[in-house]
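Engineer: Read off the chains here:
There are 2 protein chains.
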Amino acid sequence: MEIKNQKIGFIGTGVMGKSMARHLLKAGYEVLIYTRTRSKADDLLEEGAVWVENPAGVAKEADIVMTMVGYPSDVEELYLGKGAILENMKEGTIAIDFTTSSPKLAETIFMEAKTRGIHSLDAPVSGGDIGAQNGSLSIMVGGDEETFESVRPIFEILGSNVVLQGKAGAGQHTKMCNQITIASNMIGVSEALLYAKKSGLDPDKVLSSITTGAAGSWSLSNLVPRMIKGDFAPGFYVKHFIKDLKIALDSASEMDMRTPGLELALSLYEELAALGEGDSGTQALIKVLER
Amino acid sequence: MEIKNQKIGFIGTGVMGKSMARHLLKAGYEVLIYTRTRSKADDLLEEGAVWVENPAGVAKEADIVMTMVGYPSDVEELYLGKGAILENMKEGTIAIDFTTSSPKLAETIFMEAKTRGIHSLDAPVSGGDIGAQNGSLSIMVGGDEETFESVRPIFEILGSNVVLQGKAGAGQHTKMCNQITIASNMIGVSEALLYAKKSGLDPDKVLSSITTGAAGSWSLSNLVPRMIKGDFAPGFYVKHFIKDLKIALDSASEMDMRTPGLELALSLYEELAALGEGDSGTQALIKVLER
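Quick mapping for you: the protein sequence lines, in order, are chains G and H. Quick note on numbering: my numbering labels position 272 of the first sequence as 272, and the sequence is numbered without any gaps. Quick note on numbering: my numbering labels position 69 of the second sequence as 69, and the sequence is numbered without any gaps.
Note that these hints are calculated values from the structure, not bench results. Wrong hints could be hidden among the right ones.
One copy or two, either will do: identical chains are not told apart, so a pair holds if it fits within one copy or between any two.
[As the list claims (entries may be wrong)] No farther apart than 20 Å at their CA atoms in a straight line, the calculated lysine to aspartate or glutamate pairs in the EDC-like style are these:
| no. | residue 1 | residue 2 |
| --- | --- | --- |
| 1 | Lys197 | Glu290 |
| 2 | Lys287 | Glu263 |
| 3 | Lys239 | Glu61 |
| 4 | Lys229 | Glu46 |
| 5 | Lys287 | Glu112 |
| 6 | Lys197 | Asp256 |
| 7 | Lys246 | Glu277 |
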């Protein structure tokens, strides 16, 4: 089957999903879309996407069904619920979930898909809205190698760093490694900025000394300058980060793993959300420490 | 006064101090040295440094006295003790402490020096043994601007990122920001690697997905590969990191600052030292989580 002949269904065209679907349209694919609030898809429809009334309808028509929704519960309902997509996808088609979700659920979906002759990949991404816009996402994939290779050209339209990490669930596990790493680092950079302020230093000058060495990180270079300016607009929502950290913690607990940093980060972010900051960007963490 | 006519005294020629003194020799300075174990200075003496029998002797002869020792207690004894360097330095000379030490002690030394007509700078560095060897250290300086400017050419022999952060103590405070940032991040990268292993992922493959994005950091790129290989040789000693984190915590406590990440990191590193890993590199932290 010539790749461009594949009909792609995209369910969930929020900030991330919209940019991704747009890249597929630009690459010449026929893209069927469904998202909860139709008005949010208006621009994609103008750009050539085809509206479908419900997920089942997308599943019936598409050769590849992609999903990018919010929470594991949304993923579960979408894939496994009554009248949901696995029930309606054709044999031999491929389901790809870009949502950051539970590794265990990804395995369940893979098995359930398999019994129906459907191929499934978990493929969470990192790189945020900017990465989605630029097609420069890191895509962390779990599933069969053959299925992965068959859609690799499509992944490479969406991302610049596409890696098959292992079998079903491995994409989600990798994303958890990503979020676990970020979680503790956010505490460190927030404490460092607060220390700089309290000790009377010029935070920008401090950054000029410490970003290039062993303390250097993406968060230090990209988020601390926003903290300094008091810019707490979301690059990545606190509420979504909490969701991810909860998935990571559940998964780590099942593996009987010690995660003091992850637990501390989750408790601080929950404290932050309780302050009404769930819709702020993750850099708002400093507000918890400043209290 | 022409810079090269200045006679530099260097006290403490351990791993870091030795490389730094060597750069000064190569740049054409007369360098007087003293270090606790004379045999450790043999190569510097062969390269042209001049041995002096004690710190007081260095202080009496040098125009600029540099120190790079171990703990704040060493710094205190060296600068403020009986027969110590401030007592013996000539009026108008300059004392520069490169040791990572207490900000408060740096202020005390500055004031005590001032009453004697001596100029003092606190100038802790980051960049490790490699940075010292390459002359690519980040040097974070606290003290008077005039004094700083008068020795800036010398700092620039030793480091590639030289910043006057503020008044006396500001160099140490900046170094604390550096260490605080590293501390929590070390927990995050260790947990992420452990999670990767426990969930059956290939850690190198995980790194290929996560180092380039929002989880990226110096520690993730430079220390996690060593953890994966089981290479716990010290780039930076656990015991020295514990010293730094204690200074940071003392200082933060005085400022009545919330530092849950720093406290957690210190307790984990103390647990690690209690396992007999004080002389390992900081990347050994994963051993605590693996228990």
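Engineer: Give a verdict on every hint.
Structural biologist: Against the structure, the hints come out as follows:
For a Cα distance limit of 20 Å, the shortest separation of Lys197 from Glu290 inside one copy, 10 Å, qualifies, whereas the shortest one across copies, 36 Å, does not. For the identical chains of this complex, Lys287 and Glu263 are neighbours both inside a copy (18 Å) and across copies (18 Å), given an alpha-carbon limit of 20 Å. Taking the shortest Cα distances, Lys239 and Glu61 never come within 20 Å of each other, neither inside one copy (34 Å) nor across copies (63 Å). In the homo-oligomer, the alpha carbons of Lys229 and Glu46 never lie at most 20 Å apart, since the shortest distance is 37 Å inside one protomer and 53 Å across protomers.
Taking the closest pair of Cα atoms, Lys287 and Glu112 never come within 20 Å of each other, the shortest separation being 44 Å inside a single copy and 38 Å across copies. Taking identical chains as interchangeable, the C-alpha atoms of Lys197 and Asp256 lie at most 20 Å apart only when they sit on different chains, with a minimum of 12 Å there against 39 Å within one chain. In the homo-oligomer, the alpha carbons of Lys246 and Glu277 lie at most 20 Å apart inside one protomer (17 Å), although the nearest pairing across protomers, at 32 Å, exceeds that limit.
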